[in-house]
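Chemist: As they're listed, the protein sequences go chains A, B, C, D and E. Just so you know, we're using numbering that gives the first Met the number 0 here: the first sequence kicks off at 0 and counts up by one. Just so you know, we're using numbering that gives the first Met the number 0 here: the second sequence kicks off at 0 and counts up by one. Just so you know, we're using numbering that gives the first Met the number 0 here: the third sequence kicks off at 0 and counts up by one. Just so you know, we're using numbering that gives the first Met the number 0 here: the fourth sequence kicks off at 0 and counts up by one. Just so you know, we're using numbering that gives the first Met the number 0 here: the fifth sequence kicks off at 0 and counts up by one.
Incorrect hints may have been included.
Claimed, not checked - Each computed DSS-like pair below joins lysine-lysine, with the alpha-carbon atoms no more than 27 Å apart:
(1) Lys385/D to Lys345/D
(2) Lys153/D to Lys111/D
(3) Lys245/C to Lys109/A
(4) Lys133/A to Lys245/C
(5) Lys292/C to Lys199/C
(6) Lys385/D to Lys347/D
Bear in mind the hints are in silico, worked out from the structure with no lab data behind them.
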Amino acid sequence: MGEALLQIDDLHLTMSSFDGLAHVLNGVSLTVRRGEIWGVVGESGCGKSLTGLSISRLVQSPPARYPAGAIRFEGRNLMSLSQREMQALRGTRIGMIFQDPTTNLNPTLKIGTQLIDVALAAAHHDSSILSGAKGREARRAARALAVRMLEQVGITDAAARLDSYPHEFSGGMRQRVLIAMALIGRPDLLIADEPTTALDVSVQAQILALLRGIVADHDMGVILITHNLGVVAQTCSHVAVMYAGNVVETGPVAQVIDRPAHPYTRALMAAIPTRETRRGELQGLAGTVPDLIRPPPGCRFAPRCNRATEICRGQFPAMTPTAAGHSVACYHPVIEREVASA
Amino acid sequence: MSDVADISMPHAEAAPRREGLARGWFRFRQSRLSMVGAALTFVVLFFAVFGMMLAPYPEHVAGGIETGLRFLPPSWAHPFGTNELGQDVLSLTMAGTTVSVLAGFGVVLIGTLIGTVMGGIAGFAGGWLDEILMRFTDLTLTIPSLILAMAIAAALGPGFENMVLAISLSWWPGYARLVRGEVIGAREEVYVTAARAIGASPTRVLFRHILPNCVSPIIVKMSLDMGFAILTVAGLGFIGIGVRPPTPEWGTMLSNARSYMPDIWWTAMAPGTAMFLTVVGFNLLGDGLRDILDPKGRR
Amino acid sequence: MLLFLVRRILLLIPVIIGLTIIMFAIARLLPGDPVGLAAGPNATQVEREALAQEFGLDRPVWGQYATYVTGLMQGDLGRSLLTRRPVAADIASYLPATLELVFAAMAIAIVVGVPLGLLTAIWRNRWPDYLSQVVAIGAISMPRFFLGLLLQLVFAMWLLWLPLGGRLPIVVMPPPFVTGFITVDALIAGDFSTFVTALKHLAMPAIALSLSPLATIMRMMRSSSIEVMAQDYVMTARALGLPRRKILTRAIARNAFSATLTVIGLYFGWLLGGTVLVETVFDWPGLGLYATKAIVSQDMMPVIGVALVIGLIFVMANLLIDLAYGLINPKVRYA
Amino acid sequence: MTPDLTSLTRRSLLALAGAGLAAASFPARLSAQSGKILIIASNQDIPNFDPHTASGYSAAFLLRNVYDPLVRVSGNPPEAVPGLAESWQVSEDGTEYTFNLNPEATFHSGNKVTADDVVYSFTRAAGLAKGNSWMIRDIVDPGRIEAVDEGTVKFTLAMPFAAFLAVLPWQFIVEKAAVEANLGEDQGQTWLMTNVAGSGPFTVARYEPGTLYQLARAENAWQPGGGNLDGVIWQLLRETATQRLALQRGEVHIAVDLTSEDMDALEGAPGVVRIIEPEYRTFSIKMNTESGPLSDINLRKAVSYAVNYEALVEAAGYAELMVGPLPNGILGHNPDLDVPRQDLEKAKEYLAQSEHPDGGITLRMVHVTGLEQQRRFSLIMLDSLKALNIDLEIQPMAWPDMVAASASPETFPDFFPVYQTANYGDPDNIAFAAYHSASNGNWQNAVYSSPEVDALIEEGRTTIDPDARVEIYRRFQEAVVADAPDVFGVLEMRKLAMREAVENYNFTPVASNAIYCWPLSLN
Amino acid sequence: MPEPVLEIRNVSKTYTGRRGLFGKSDPVDALRDVSLTVARGESFGLVGESGSGKTTLTRSILRLEQPSSGQILFHGNDMAALSPRSLRRLRARIQIVFQDPYASLNPRMTIEDIVTEPMLIHRDIVGLDRAARRDRAAELLSLVGLGSQLLRRHPHEFSGGQRQRIGIARALASGPELLLLDEPTSALDVSVQAQVLNLLIELQDRLQLTYFFISHDLAVVRYLCTRVALIHHGRIIEEGETNRIFDAPQTEYARTLISAAPEVRVPA
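Just chain A, same shape as in the assembly (with noise of 0.2 Å):
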């Protein structure tokens, strides 16, 4: 295990709106090192993609306001950082890759001048990404790069299909050149938020292998956000799961899957019918996220959560190890070996 490249130090982070000040995340920790592939789950609202834009700086602020924690990355704290200094870290050191390909391409430029002004973007802050070209020659080295980009992604006949435009694209094909555009500047950490919600099964599985391919090959480290277990267990390396702000349970994979610790993590899984649920077993998870506005206090889970007790409400839980790279945030997490919803 390598030196930590990002480490998310209990964030903090508020909305205010009509009805109030929303406390949107509250003591956000994770910690990513390269070569791991980390999955942020929960249902949506909790706040993962808040959390993925945290890190790069892109939230609207008013109406968020960041009260306490820090992001550091590779050891820098973000928050301390202008715009202008986080700007020469996008792109070149952490990309990133939204839900939506449709949308997330501009539809009036060429695919090529999108790739190619991210590139020449990116060599403004680091000279090697064309290997110091500059001027008109920058222009041809970013334009060969965007070539093999696109190649690596997996677009044949990259060259012609640099003069085209977004909605020449089919949706798998847009969020090949997104990523294509996120990788273009060697990003170390990249952050993709739901990158394939919008795509199909049969597409899905080539997009995660292709992100999975991609991590081998630089020794990125990676955070996917996604609301899917079933993507999360079968691309990911290690999983945070979020609730209403919190981070409850890490781990990896293999143990937060097989071994679920926090009834939330539990109660997920029961969810989702597999080979084995049989029909009208399934369950169900009762109630609705809380208000997070006037959220419960203590472990915001202890409403719907039946192993609840007084203590729940009282204070929220801290993470606590179980086992190696596993923990947990609960005051009675399911610590015995058993397979989820036999």
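With chain A fixed as given, assemble chains B, C, D and E onto it according to the hints.
Modeler: Positioned in the frame of chain A, the structure of chains B, C, D and E alone reads:
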């Protein structure tokens, strides 16, 4: 086994319908400009109703003249001076509110009515009927509206009703296009498909499901259009095809005042400023309404 | 592309037919006696009948329409009952003045409105934004003729900086006719002082006319810029470290302007028909004044002619806008 | 210069305007144009150049400068002076006129003006029956105009016509050869519409319809007298305020459509001369004597006595009240005529004798859209009639609609304000047009018809002896006043203003805004 | 095999090219010779990716669209041959639950209006007066696990899962026997999805409903359905018992699809 029974509903309890209104009002109040607009509109509507009664010289509003007091500059007795027949400009301006506001309402209302029928039918029926109605709408839109209104008004002769009718006849295409767009949009909504799947008749689908969901943008457009309708009314008056004397009307007053510029500037100031403030009021109000009623159209 | 152009131009034919039918129907509505007016106060019944016959007004309306359309195909817009001059020639002499005014107003509106809209979108919710929003509402709400009068009052009557109206002082010979735009023609003729003079005459009417499109374009540009800024691809561009300036020009300005273009096209046509009031105030010898005079004297041929010409220019302008839109937006181009 | 609006009076404003004038710089001052060019500002476009079809004062301006009539009108009171004819003789009975043409007279083409051209012109005018030909209709029979020799032409009138010399200034002579060369299918109307075949002191140099018409001094101008003008521009400035401002700035030399308010504003303006003169132009309110409530003479009289005449004059600005149907000062006008003046008691007496002794009715008054004085008169009537408990509905109408409404008593409104301009300086002009039943159905006199008045008018126009005519018109005036067909309104003064630089101007109360420029000079 | 409720025989649907601004687009074959039979009381699953023709088939069954060729039989009756009146009666017996719980409820109507609307339209069949309709609406709401006190509320006051329950209540209002379930859970979070799936099973058992379940989620289909058909590019690729299809897919496409589906299984 089933969790059906123990559903708890934290949101449902916390969000009664009234809160939607409160939220809208809150957002409206947030914008100081919308409040200014509402206040101005209130003042305008107040004068539209009571202007004739409150005018300091009601006899002038009814057509009375005092030629001995022609062209008096502003004074305490006549804050905006007197005009070419010795009439109190302030009184005429106050009373003129009624005509402008009524005409504006009339134009917008008739325009909306025609436009909604045309656009509603076109959007809902689709096919060749849509094609014919919309080609006709586009055609009408192609004719410069002010010239069309002037031609119709000139043909019908001066008078309040004729003027309103003339402007309305050049006003409806905008609504027809808006309503058609909204109807087509709503027609594709899943809840409309749902209604059709239930077996709802076309009439029911149109009146129960589609039109109610097009109301907000129509209301917003109406409120935004009020100002422009008032401007057009005044424009016709300015050209000289407006209401009949002695009905006080701002555009006509301005047109008359124009011949006496710059020496007798005061006869122009009151009607011009009143017109400006009225239109500002309706426009600000319309912007505010759009922000709460039609978030899609928000800036 | 060519096919598209040809089809759009062919579509003008039904527009022409529709326009003339509508205008003829209105002419038919007129309860007045245009012949009586044109014949003059001292004409006898015989003279009036002769005049009616001369202009074909004694025939049924469909017959008149058929004659008109036949003439139209040869570029003949009929004759004015009042002046007996051919309408086509009249329009040809008035149109350049109106076009010059409208182009000047649109130029002001676009050159000021588009960047201002972009800037206020960037400065959203800060005081320059609020200020320009207030000013914009005021500009939209200002009656053009009142604004015109105020401008005249201040700049022409009190300060005496600018002329009161017209295109040129009476004593200045207009430059030789090339484009019909006096400012342009003066430059072509190399007559700089006439150019400046013509510009001074153009200033107030153009400003009075430009204010409302300026404000609308600004608001449109602002709102579509804000909308574009919220688009996913802008977020992606930011996330991938593209410099601000590049995002602004490549992503925001381009996409926001394509939405604004539609407004510009609509406004262009609207202004052509909306110059009436400004032309009246500034005594600008354009189509609006011509149409107003014809309308008041119920001389329908000029009115039909003006409506037709403006309508066609409007349609052509929108065709150009569609083409420009296609240039900016590849989706439309290839769809 | 930041004027304080509240304290600004008209005088101080003018001083300001004057000061500004000096500061304002315009690239080309009047003198910059080559030669002496007189610029006249008018709001009326010139419809066409054909002397036998064009009408209106703007056309009259063009025609009287580029064409010649046999005689011209000049002076105050107006009288006939030589035009093409250097002298003329009238027969005893007033039916034979012989004109001797000026041998110097030549057309712009260089050809001499001959008796043949005169005969041709009158024949053409009568044949077309447009323009000003109505003035001599039924009086001049083209068949009875005789070219005695090249320089002499003799008219034998169908009946004696006292105003013959007064109408002749408006009958223009065209060059027969030039017109016949361009005859086309419409008697050369199309050609003459934009071409000139005249002998006048000026010719058309350039024109932009709706903008300006420029005349240039004819190369072979033969007319005696004459000023130093090289040309004249008829500049269209639609707004009177614009005309006034242009005059103040020296951009135009003469403004012909000014209002009373403009004249007030021009008072004391440096370099500007105001001309406010009475003119033979009546402005009265016609009543529907044939149909509706006003067919009752008592109601008409009641109305006549109820009108606030003082307000009429005040609203009209520079004007004087009419005394009876004829313009003040014209031949035969009786200034001592007993005409109604505001007297509410008398009004109520008459009202009591009418069918509506307590009022309570609504009458309809129509005025022409855009005519400001007519609108003002309508409002004054509305105000006046309130005293009789009569409501007035005011309806602005487009001019052609008004023309149409005049066709029958049923469609004619109860009240209609009318301007009657004397086209020639003779009482017959107004009397015949405005009160003779021959014009019934036309706007000048849509409904009023009285055999007694008709007879007097006919007698007046065929009598030559001036003293006898004065007596006839005295009786005519009394007869009309007794019938009360009109509310006699005002005579608006002619309001012209010109730069001091214009010299040799003499006012004539006939068509004074169609300025004859030949005698004028610019210094 | 029990009596077939729905028979789809050789249905094809071709969309003719639309005339666009800049020219014509090519015709699209949305359905190609599709034949399926749904038996009474079963849960039939139709699986396909986006653009496979699932939605077109659903709309055709509901007669919201006309097939270009082929027949759709309901209890042996050709729906295309029905009079408008009979078709309307039929609509009471086939109902649908839509994918998007946010879009499928008219925002301007109360829950009561929404749930009673089918009863109002089919009052000749349902035969309930106003008060009875209201009672039944309350009954339906509690049947799907919502309190009847919510009748006066508007859709925007509910969460996604609750709205989907309302959608189900509406679908049940006219007493149908066949429910078309058009991806009813794909817009929901997994925990909520589980609740809705369980509700559907419970309702089917209680009301003897026949389900025609459309989904792209293989796991859900396997959980709920007894028989499955795979559709791809408008063609039925494979059809059969759920277990057979998942355990021993016959076609290459089915194998790819099944292997691509992510499962919560730790990779070896």
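Chemist: Would you mind marking each hint as holding or not holding in the structure?
Modeler: Do the hints match the structure? See the list:
1. Annotation: proposed proximity of Lys385/D to Lys345/D holds, straight-line Cα distance about 15 Å (limit 27 Å).
2. Taken as a hint, the Lys153/D and Lys111/D pair is honoured in the structure, with Cα atoms around 18 Å apart against an allowance of 27 Å.
3. Distance check on the hinted pair: Lys245/C and Lys109/A sit about 15 Å apart at the alpha-carbon level, within 27 Å; holds.
4. Straight-line distance between C-alpha atoms of Lys133/A and Lys245/C comes to about 18 Å, which keeps the hinted pair within the 27 Å bound.
5. For a cut-off of 27 Å, the pair hint linking Lys292/C to Lys199/C stands: about 26 Å separates their Cα positions.
6. Distance restraint check for Lys385/D and Lys347/D: the Cα-Cα separation of roughly 12 Å lies within the 27 Å cut-off, and the hinted pair is therefore satisfied.
In terms of the numbered hints stated before, the structure departs from none.
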